[in-house]
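Protein chains: 2
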Amino acid sequence: MGCFVYFILGSCKDINIGPTAIMSIMIQPYVAILGPAGSVLICFLSGCIIFVLGLLHLGFIVEFFSYPVIAGFTTAAALTIASSQLKGLLGVSWKSNAFLESWISLFEHITETRKWDVTLGVITIAFLIFTKEIRRFGTLMYRPEWSKRRNIIGIFIFMFSLARNAIAVIIGTVIAYSFYLQDYEPFILTGNVTGGLPSFTLPPFSTTDANGTEITFVEMTKVYGSVIVFCPLIAVIEHIAIAKAFSKGRTLDATQELLALGLCNIMGSFVQSMPVTGSFTRTAVNNASGVKTTAGGILTGAMVLLALGFLTSTFRYIPKATLSAVIIVAMYYLCEFEAFALLWRTKKMDLIPLSATLLCCLLINLEYGILIGIATNVLFVLYTSARPKLEIEHPSGDVYVVKLKTGLHFSAAEYVREHILQNCVIEKSTVIIDGKYIGNIDATVAKSFSVLREELIIRDQKLLFINFKKCVMDTCVGVNKDLSQCFRDSLEQIVEVPLTMRTDNNVTVYSMQ
Amino acid sequence: MGCFVYFILGSCKDINIGPTAIMSIMIQPYVAILGPAGSVLICFLSGCIIFVLGLLHLGFIVEFFSYPVIAGFTTAAALTIASSQLKGLLGVSWKSNAFLESWISLFEHITETRKWDVTLGVITIAFLIFTKEIRRFGTLMYRPEWSKRRNIIGIFIFMFSLARNAIAVIIGTVIAYSFYLQDYEPFILTGNVTGGLPSFTLPPFSTTDANGTEITFVEMTKVYGSVIVFCPLIAVIEHIAIAKAFSKGRTLDATQELLALGLCNIMGSFVQSMPVTGSFTRTAVNNASGVKTTAGGILTGAMVLLALGFLTSTFRYIPKATLSAVIIVAMYYLCEFEAFALLWRTKKMDLIPLSATLLCCLLINLEYGILIGIATNVLFVLYTSARPKLEIEHPSGDVYVVKLKTGLHFSAAEYVREHILQNCVIEKSTVIIDGKYIGNIDATVAKSFSVLREELIIRDQKLLFINFKKCVMDTCVGVNKDLSQCFRDSLEQIVEVPLTMRTDNNVTVYSMQ
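From first to last, the protein sequence lines stand for chains A and B. Each step along the first sequence adds one to the number in the UniProt record's numbering, with nothing skipped, and position 475 is 475. Each step along the second sequence adds one to the number in the UniProt record's numbering, with nothing skipped, and position 108 is 108.
The set of hints was computed from the structure by calculation and includes no laboratory data. Any given hint might turn out to be false.
You can't tell identical chains apart in this list, so a pair holds if it fits in one copy or across any two.
Below, in silico cross-link-like pairs of lysine-lysine (DSS-like), each with a Cα-Cα straight-line distance of 27 Å or less [claimed, not checked]:
| id | residue 1 | residue 2 |
| --- | --- | --- |
| 1 | 436 | 469 |
| 2 | 403 | 436 |
| 3 | 405 | 389 |
| 4 | 132 | 115 |
| 5 | 222 | 469 |
| 6 | 348 | 481 |
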């Protein structure tokens, strides 16, 4: 469904929309509670939220997902997914799919390992890593200027490497099937997959649990909790990240992409889909295959439909160990361990959001992890806003000129006030705030100016403002009418006599109000 | 206990530490579940958190509570407390103390109103408002230069107004007691108050519920939830706000105040106290009484101890309607409705955090309300950080000079990149980013520069940097070594031939790398 909808609405020719590993791991705990209906409803809700984000032009939200946070999240998701596949690889079974629990369960159940499953799994992993790495040889053995015959080995290796996942699954299935024909079943198999096309119905707004009790819509949303927000956000991030990667040189219409992705999910929920988003690997294959328009999605969609119609009876024989091996290898290559090295080299501070995201995603869960990661990162921005650059010049014994180098937010109000109080201490002096670079202030800052003025008066000092913009002056005067006496046009208007002369006599040139 | 500890550690002579209305309403829901132990444990935990905040010099956290958020929170808390006293005023009873529930319950129970309670309550309210307002006449009838006899009426009115709460309670108690002597009880009375001094023991790290089941420490902290964070934060905000109001002209040692407040709470929890903080009204009375050092707290503490020892038998006869009236009037004067007018005049944008805080505090609860208020306010800061000022000069046909007016955070990375891509479109042109005002960048910004360079190369354009600081250059090169080719010392180094000449011929003066 995603392929067909995106064909009409999408703006990036390469993107392939469908279920992704990260989406799967995010909604898995809720499907465990609510059953299949749980994934269809979250698909519908995510679609609605993404669509509304698009309508409101709120795509800029994704700008707050910085590189360290995304790298930490991706790595944590990959490690979680890979860990959840350990049971399939060993042929044992436990319930949890979370990172920590998977490893604890592995320890508890390692004695139950089935030898044939683990053998098949490990061989498949070795095969996949080998075929992935030989791709480099493929490209080495190919030169456009060489003859076709000379190039054929290079092309073959390249294609073989690209198709490695399909090859591994086909080989595994053939092996399992030939054992099956001899009434022998050494591997745990996928089992029956229901074939046929899904019916077109409304998404489920209520469901029943294992005991047959009804779970209402409100109860379902309570089960989802914060994932209602994070599922669409992660979908948008994955999608936008891929769209950007493949629309090099052209600017991306994020709003159009959000509307398209939202509708893909909404329409998908009518055919019982889980949440979908852009898939990096399939998009890359699409691009490598030389797709020219989004109509490539029609072909993908048609092939999925054909597989649903005619191939599901074959899926029954796919060994679970093979699938686990395919997923584990894919996840290994998704981990961004090099982000640690890169940030160590470039900006060590960024290791904090990266580590916070990675650890919290692994130890708590993916949603909280990304939330804590963003919060950590946003703290850097807030800290900067709370500590504006401030220069105090002291041209003569009784004049201080305070120059603010950036705009002022409420968070900076206290800092500026205290900094001035602590540094401008000479009695009977005049403190002049130069507002040249202050674009705008809020009521909290204006209030702190008003308090500062009163405090300086108590200390027998005086506060004046120069170079203030009209809107900033209005805010100040709105908070305290008395502040209107403090504005001057320029430093020259205050300091009438030359600076060198003023310290000699005691004339109070500042009492001008 | 607060008074005695603050005497030793406090730095602000006027502050009076003890239970406050806002603290009470914050912890009330948890006391309803956990019993008295619930308030003692949160007192201990709050004290520890405040103390640690002080040790880590993290007092600057309170700077993120802006004026609109504090005004909204105070008003909402006052309205909530006043609403929770409606039942006492009418002599009826219901369970909830929340704002909405109180008014709904009022509607349901209004027919049960007890006429004598409501009469006493309303008369007390009228008395309190009248005596509060006549204070103005008191000050009008007092002049230091007048004779003592002429001033005596002014002083009397002033003192009478100041003592109005005590007078109302004493009158109410006397009336109730005289009825009691005639075996007649028209009002609901406070009932027995346990007298005597509390014992000095460890705070309770577990408790039992109404059925006698033990509630462990972990379960108690789960009941508290986010209030574990907000109780100390609100205590700190109240305390620091009061300390600032009464330390005019002197800078406040916030760290010292946090350590003092933290220890007041920790020590308080050993004598079964609820969370304590600076009390605005009592501090104001302290100040008006001419207190000179924090030793004034010793007197307050001693009087509280004496009252506990000898007066508790009297408390039994205080009519609940009188207490409710006293609290309702006090809360009415705490409401900051004028904040709306002030912000309308000065900065209409600030009405958003004010309204968000007020409404969410009233309709959800105080903790979520203040959290949402701060989040709304922080969004303004983040939006500014995500939309840095950016000027693009276009001195000639094939040169763009991009001047960034502020520092860059990860949140600005995408905006800057897209803005440049959209505005610098002429083919074969050179885009020059002037980094004069860029103090520091993070890895996300450096990555976006790297992507921008690749995108411009695809479009047959070129990216150069001038005036970049060493640390910014290092971050860029760390992300992508190729960026090292882009740095130039100044605009002159790039534009070698005069600007007017360059458009005439096709010489590529920029191919210097």
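Hint by hint, here is what the structure shows:
1. 436 with 469: both (8 Å within a copy, 24 Å between copies)
2. 403 with 436: both (8 Å within a copy, 18 Å between copies)
3. 405 with 389: Both: 5 Å inside a copy, 13 Å across copies.
4. 132 with 115: Within. Shortest intra-copy distance 26 Å satisfies the 27 Å Cα cut-off; inter-copy 86 Å does not.
5. 222 with 469: neither (49 Å within a copy, 51 Å between copies)
6. 348 with 481: Close across copies (17 Å), not inside one copy (47 Å); limit 27 Å.
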